[in-house]
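> Sequence:
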Amino acid sequence: MRILLCQSRDGERGLEDALTALGHAVVSTGTPDAARDALSALDFAVVVVDLDLPGLGGLGFLREVRRHLPEVDIVVIASYDATETAVAAMNEGAADFVTKPFRSEELEIRIDRLRRLREQRGELGRLRAVLGEGACLPGLLSESPAMHAICERIRLAADTVAPVLLEGETGTGKELVARTIHGLGSRRVAPFVAFAGHRAATDELVATLLGDEQGGLGGAIGQADGGTLLVDDVDALCLGAQRGLCRLLEEGVVRRVNGSDDSPVDVRLVATTEVDLTEAVARGSFLDRLLRDLRGIEIRLPPLRERGDDVVLLGGTFLRLLAATRPEVPRLISRDAAELLRRHTWPGNVSELRRVIAYAGATATGGEITVADLPEALRRPSEGRPFTLHLEGIASVQLAELVHDFEQELRAWALEKAEGQPARAAEILGVDDQDDADRPGRN
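Just so we're aligned: 173 in this note's numbering is position 173 of the sequence shown, and the numbers increase by one with no gaps anywhere.
No wet-lab data here; the hints were simulated from the structure. Possibly wrong hints are sitting among the right ones.
Unchecked claim - Restricting the straight-line Cα-Cα distance to at most 20 Å, the calculated cross-link-like pairs of lysine to any residue (SDA-like) are:
hint	residue 1	residue 2
1	Lys100	Ser144
2	Lys100	Ser79
3	Lys100	Leu217
4	Lys100	Arg110
5	Lys417	Glu427
6	Lys100	Asp233
7	Lys100	Leu53
8	Lys417	Val431
9	Lys100	Gly14
10	Lys417	Arg343
11	Lys100	Ala280
12	Lys100	Ser28
13	Lys100	Thr29
14	Lys100	Gly30
15	Lys100	Ala18
16	Lys100	Arg67
17	Lys100	Leu59
18	Lys100	Glu16
19	Lys100	Gly216
20	Lys417	Ala338
21	Lys417	Leu429
22	Lys100	Leu205
23	Lys417	Glu339
24	Lys417	Ile428
25	Lys100	Ala88
26	Lys417	Ala400
27	Lys100	Arg116
28	Lys417	Arg335
Claimed, not checked - With beta-carbon atoms standing in for the labels, derived distance ranges:
hint	residue 1	residue 2	range
29	Glu298	Gly216	33 to 39 Å
30	Asp288	Ala162	14 to 20 Å
31	Gly60	Pro145	53 to 59 Å
32	Pro264	Pro145	39 to 45 Å
Quick caveat, the model's predicted, so the values are computed rather than measured. Glycine included, C-beta positions come from ideal geometry on N, C-alpha and C.
Generate coordinates for the entire structure from the input sequences, incorporating the hints supplied.
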């Protein structure tokens, strides 16, 4: 992204280097007039502005940028004792803020969040242009009634203020669903704050979520006041942070670290998890009380391997989205390539499929995506492993039952491949008894 850094010359000189090292194109200015000139000459995704910059005129510069460039995200740098000014800046349309002194990593995290949000906004916009305004999320497109029901639950969640619990493996689109729930609801113009659960994994870090009365830290809950708070991997929170969420959900208040009074807050909570929270409760690492509070609306996002032919539908959709911005990209997937997509187990789920399609679109030279255009990892079969068991989230299995079910499927597959000929099926399976190959229910 191109970033305009507007700070005094004696400011944090390492900031420009840190952002440049992350791959951003950074233009640094030392005066408001120079910043205005830069904004007139170039297109920026993010403006980082120090509110202490001489001649800035307080929040007037922010209002000016918001009025003329509403699509630009603004991050403000405020003094340690100017938290109220920073909050006022948020009310004027700033996307985020940091207070001095701060580490460059703090600003990097905020800018990376804005980058991801811009990418997702762009993707949703392209999806609507390609598929129409009524389309569901790209990662949830499906011909299955079950997936259509999930889309309806997402729309239902957007129309309420009830807490939402999103369950699913990495890459199934939980954060994108959370942002969509916020974007479709009545709070869409209010803040959306994403908070990673591991940031409050110990008691010493609880202030990042709840805030700190002595340090003047508002915490993620305070930043999300009036809007939506996404707690990603809620199971990673320490018990103290979990109790804080219970108070938020049950009483609508937050008590900051080192504080003695409760402060009312208006926050809609969306939480995500990749683990079975019931098992976490049994282990004592998750509060049963919080699990009950979170179950206002529960949405499970299934892994891609459970979605059958959706992989080809999604692959075609991602390809069309890519072709909408790059005309040289083919819009079709060959039959053989589609079959390879169906056979892959997709441990990275929809996110992995998106990367595969982006790779194929960049390497394809013909009028359609072929097997040769797919990454080598998909084209190369797993040596000695023609199949993979997916036992994620399963506590135990009955071996005899598992073997029986697998044998049924394997023999039925062989008969189908042999077009119903038992002798050919036996040959495919490497067994001698034709009758044996023709008995899919045998124990």
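> Just pull the numbers of the violated hints for me, sorted ascending.
1, 6, 11, 16, 26 and 27
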